[in-house]
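Add chains B and C with the ligands to chain A, keeping to what the hints say.
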Amino acid sequence: MIEEVLVTARHNPKIDPSLGIWTWEISVYLFLGGMTAGIMLFAAWAMLTRKQEVLAFAHDRFALWAPIALSLGMTTLFLDLEHKLYVWRFYTSFEPTSPMSWGAWILVLVYPVMILQTLSTLRRGYPTLAGWLERIPVGGWVMDLSENWRRTIAALAIPLAVGLGIYTGVLLSALSARPFWSSGALGPLFLVSGMSTAAVIPVMVSRLKGERHFFETTDVGLIFLEVVLVSIFLISLATGAAYHLEALDLVMGGPFTEAFWLWFVVPGLLVPMVLAFLGLRGYRSFGLLASVLVLYGGFMLRYLMVEIGQVSTWTDYAVQFDPQLLERLTQ
Amino acid sequence: MKRREFLKISGALGAAGVMPGLLGGCTSQPLPGTGKVTTTPTVCNICFWQCAGTMYQEDGKPWKVVGHPDDPHCRGRLCTRGTGGIGSYEDPDRLRQPLLRVEGADGQEFKPVSWDEAFDFIARRMEAIGERHGRDRLALFSHGGGGKFFRTMLQAFGSDAYAHPSFAQCRGPRETGFGLTYGEGVGSPDRTDMSHSRCIVLIGSHIGENLHNSQVQTLTEAIGRGVNLITVDPRFSVPASKSRHWLAIKPGTDMALLLAWMNVLINEERYDKDYVANHCSGFDELAAHVQPFNPEWAYLETGIEPQRIRETARAMAAAAPATLIHPGRHTTWYGDDTQRSRAIAILNALLGSWGRPGGYYYQEKVKLPKFPAPKPPKPASDWKAVVQKDFPLVSTGISNVMVDASIGDDAFFKGWFVYATNLPMTLPAGHDKMEQAAQSLDLMVVVDTMPAEITGYADVVLPECTYLERYDQLRNKAERTPTLALRMPAFEPRYDSKPAWWMAKGIAGKLGLGEYFPYQDYKEVLDWQLKQVGSSLAEMEKVGVKAFPRKTPVYMEEGKPVQFNTPSGKIELYSGLLEEVGQDPLPKYTPPDRPPEGYYHLNYGRSPAHTFGRTINNPQLFELMPENAVWVHPAAAAVHGVASGDYVHLENPDGKRSQAIRVRVTQRIRPDSIFMVHGFGHTDPRQRLAYGVGADDAALMHNVKIDPVMGGTGLRASFVTLKKTSEAS
Amino acid sequence: MTTYAMVIDTITCIGCGDCVVACKTENKVPEGLNRDWVVEATSGEYPNLHTEFRSERCNHCSHATCVYACPTGASHYWKDTNIVLVAAEKCTGCKACIAACPYDARLIMRPEGYIDKCTFCHHRVDDGLDPACVASCPTHCMHFGMLDNPDSIVSRLLRERRHKALLPETGNEPNVYYLL
Ligand SMILES: Nc1nc2c(c(=O)[nH]1)N[C@H]1C(S)=C(S)[C@@H](COP(=O)(O)OP(=O)(O)OC[C@H]3O[C@@H](n4cnc5c(=O)[nH]c(N)nc54)[C@H](O)[C@@H]3O)O[C@H]1N2
Ligand SMILES: Nc1nc2c(c(=O)[nH]1)N[C@H]1C(S)=C(S)[C@@H](COP(=O)(O)OP(=O)(O)OC[C@H]3O[C@@H](n4cnc5c(=O)[nH]c(N)nc54)[C@H](O)[C@@H]3O)O[C@H]1N2
Ligand code: SF4
Ligand code: SF4
Ligand code: SF4
Ligand code: SF4
Ligand code: SF4
Ligand SMILES: [Mo]
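Chains as they are written, first to last, in numbering that gives the first Met the number 0: chain A, 0 to 330; chain B, 0 to 728; chain C, 0 to 179.
If you're looking for bench data, these hints aren't it; they were derived computationally from the structure. You may find that some hints are simply not true.
Derived pair list, reagent style DSBU-like, types lysine-lysine, alpha-carbon separation capped at 30 Å [to be verified]:
#	chain 1	residue 1	chain 2	residue 2
1	B	Lys497	C	Lys27
2	B	Lys366	B	Lys550
3	A	Lys208	C	Lys27
With the C-beta cut set under 10 Å, the calculated list includes, among others, these residues of chain C facing chain B [unchecked claim]:
#	residue
4	Gly16
5	Glu51
6	His121
By construction, the Cβ of each residue, glycine as well, lies at the ideal position given by its N, Cα and C atoms.
With the rest of the complex left out, here is chain A (with noise of 0.2 Å):
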């Protein structure tokens, strides 16, 4: 028997007992920064493979969804920062062994493309808006200027939407101070979970059966390579070093069990599947309810990893003073 116990009452707050520096903040950024990646991926194969008329819906609208996505997201990224003024400094330097790094540098990369992917898409997909843009000095001149480039845009917007994406995975799987996050599946778990949530939202709005048929089918395969993902996931970490199936304990039995399978498993990923395979032969609500899913499932799947990936560690000392009395001392 071993006894590791901290003799000195530390309890540095967000890092002790475990780390909880991340939370919803980075658990929405990571979820809509996915689903952006996906967005951008859809909208750009659509205009690449030309399909204005059987993917509407993709090719004309879908491309603003981005840019309001991805803005959403780094609102919530910047209400994670602890020292909010400096948030500058993340384009001062590129620091080439920091995936953050990157990823800030790939969003000043993405954010023109896919604006300029947008704009491509307005006079067509949202008139009004093209119509007011008309009336800024430059506004019908970069309309005109991207729909002539449309196709390159695309072209440029797919390495960058699937860096996006996969880049918070990276992210995470970087950082091996974190046994749970230690694989390299959770790359392409990201951006294959982003393009998943990014796919329901035309089978949700689209207005063309085809269109929603499409992607619902689209879906269902995603579903299905996610599924494998995440079994090469946790294959992955069941064959890493001692810490790495210590981290693997957190959901095969241990405190994140019953979240990662009940509340992530079985409600984000396999009913999905089911009942996006049964929208497919026509229960068109079983699909609307597969896509509500598989939201649920992508942000699920992004807060689990965030979550447990904090709390798998190197370090484990038990506590033998109770951290709330320290509490006394502000207040």
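Okay, now just chains B and C with the ligands, sitting in the frame of chain A:
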């Protein structure tokens, strides 16, 4: 792996959601020490070791306090508590102004009064006591240097009775036991020469948790050298964890072990024959006395295998005379404490370690003349002959006996001054005693820095400023090198607090006894005394610590006869004095009481983070250790269905319950005992950090064993059980 | 590059926590935050026990994952040494470095929000002094110095005594050593 509950996380998420999105944005704090730095010498008062240090301020704000490199008490480094000493100055819950007990609308309450009013009240009451009962009926309880000023004032008034709890609740048995054997006590700082020991035996002393600074430093230095350390402790204490031999003794049976060790040393002829022949008396009686107490006998009492008893005895002999059987310090355990200390003293004599390198060295202090002042009058009675007649060998006050002599209508004492001692938590079941004493006394004045529990029983509370805000007597303690150290104010006293000398002088003034304080400012006394020894206050304010040449030898001079201050002039293995007063001239073993079924020995001790109860509210130290936990062996934990982190109430056989205390299940304790750090369990809400946190061992003590020789309170014979509770502290 | 190391003797460390208080006062660490802490590790079963005390802090890793994770360069090596510092005026408070430190050695400064940590007391090192925790330790069990200098106390102790570092398997190459 952290076992954080999922639901709790969701809760935290909610909380995080409402937390304001602070923009932050201030620039970083400047590097420490880049501002204007000033320093002042001080002498730490967080415990009684009195380490000299230097108080640093930066840009007029308290910064840090560090040890003085020339000080033998601290050797340049303060202990944990001393380093956190600034917290006592900064504590916002400090006493702020004099308080007087008055009848308010909802019963009694404290009314803030001026110093003048407070002194007037005290002087009137003292005079009333003098008229009604006699001027000799006031007692002083003090644990700290400032008590001396009140002593002067009370002696001038006609009362001489005086007790430190550091005698009858602490060192009394040791000083008495060693005094009877060697003609002098161990003293403070303890004269243990661990720097040169080759073998050290700690019997209970948990140096390392007990942080008496140079004790810790010399012990760990010895450990670093690979000293043969033998620790006798029912708990795997810090020094036990550093020991070659840990003897996990059955609580209260140390005397059996000590007798068995003597038996082995004598029967195997491993004692220091020359030393015994030259310096000791009563060896033959001792040799005959210990015959029945062989290791096989001791095994049955102590649980320590005979082989280990022999092995350790031989190790002690092999390293002798550089073998220190440590005298311990807090020695009031089971009531046979003077005798146990005698046994330790005798064992040291057999090994020839007293007066020898690696054993006990001789100390010397600076000969500092007293500031000229009138001699106090002779008191009307010999209070000791009245109050302490059962303990004729004791020449100092026995606090518990003096408290008992203050309870009831015909009690001897009618008024108390209490300086820097929190008697309700210091005396066993002290709250009950204070309750009774407060009913009988005509006056209780309490001088403290904090709203300690004792202040709650007072008629008048006088707020003293902390050690960082005052001049005090020079520290002049006997040490290896005679050394003086100065405590001077680093800060102006906060609030309306004042130093002890100023209060005592003020009260004396009201009593018309001003002549006993023939100075305006205590600085005059310091300067005068320092000039008598070739220094000055100005010099000391600069240097802080000053060493003086030593005049006497540090060890016995080999081959020279030594005159001990005992009736025989020898080290008295057999004590005629004890025999005269009807006590055992040679130490005897009495088996301790065993806990009833389901109960455990109530064991307690120190934590390095705190000094008793006085530092719990110190913000810097509270932050280090905000509560005490009760150590429970896994077997006992299983019986009571408790796990680490649970809260329990401790309950003694009389049904007395403690506040809730957190459980720590650990292998480091015997299955028949529980352990807790003394000093927690404060009940006064005015100490906002400490209030209601943890449990108080003193309140649970139901089986107090009075030492028949020195009258102190054996505190280790009580038992408790665990009652699970959902309440946190 | 100069490598500074701390070498702490678990044989003489008593777990007193003086190092923790000394750090807090020297560096004016706000209430409720800690740059260092003390761990007690007990193994075995009564009465065959072993207890080790360890004063822990940032390991000033030679391969500091916190520095690598920092997106702004706020977390950096000081003056071509292994001393890892945070430049508050570059720190966004994104907390990537906290997540990246396997020793949980970092903290969020109150109230400002930038990230703080043990600095090895570089302000004292600059003056040729030992860090505050080392200089206060009453058992003298803490040592500080340069690993590059073979005559330094730390090099000598590591040569002469059995020792370990914490979690070397992280690959962070920690520079706080414990003598056994
Ligand atoms: N940090 C800190 N240091 C302090 C103090 C403080 O308040 N805080 N107070 C100072 C003062 S005034 C004093 S007097 C000293 C006291 O310090 P010590 O003299 O060292 O105290 P003891 O009570 O002798 O020792 C307590 C140890 O005795 C063990 N013990 C309990 N019962 C028995 C028994 O039956 N037999 C044996 N052999 N051991 C037993 C306990 O498990 C514990 O480890 O500490 C001083 N140092
Ligand atoms: N149950 C139990 N009882 C014990 C012990 C135990 O371990 N357990 N230990 C025993 C021992 S070894 C001892 S030495 C005694 C110690 O007993 P005490 O000396 O009574 O110890 P404290 O509880 O620290 O009380 C000291 C009081 O002095 C006050 N004080 C601190 N600094 C100053 C100052 O500068 N000026 C003034 N005027 N007041 C000040 C504090 O606020 C506090 O109220 O307790 C003994 N009693
Ligand atoms: S031993 Fe510690 S608390 Fe006691 S006087 Fe020295 S530094 Fe202060
Ligand atoms: S100050 Fe020294 S002895 Fe105390 S805990 Fe720290 S390293 Fe250990
Ligand atoms: S211990 Fe943590 S904070 Fe310190 S250098 Fe290593 S990774 Fe960075
Ligand atoms: S919180 Fe500050 S120091 Fe840490 S990674 Fe972010 S910018 Fe760098
Ligand atoms: S080196 Fe300095 S900053 Fe680091 S723990 Fe020690 S005192 Fe604190
Ligand atoms: Mo004591």
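Exercise. What hint numbers does the structure not satisfy?
Worked result: 3
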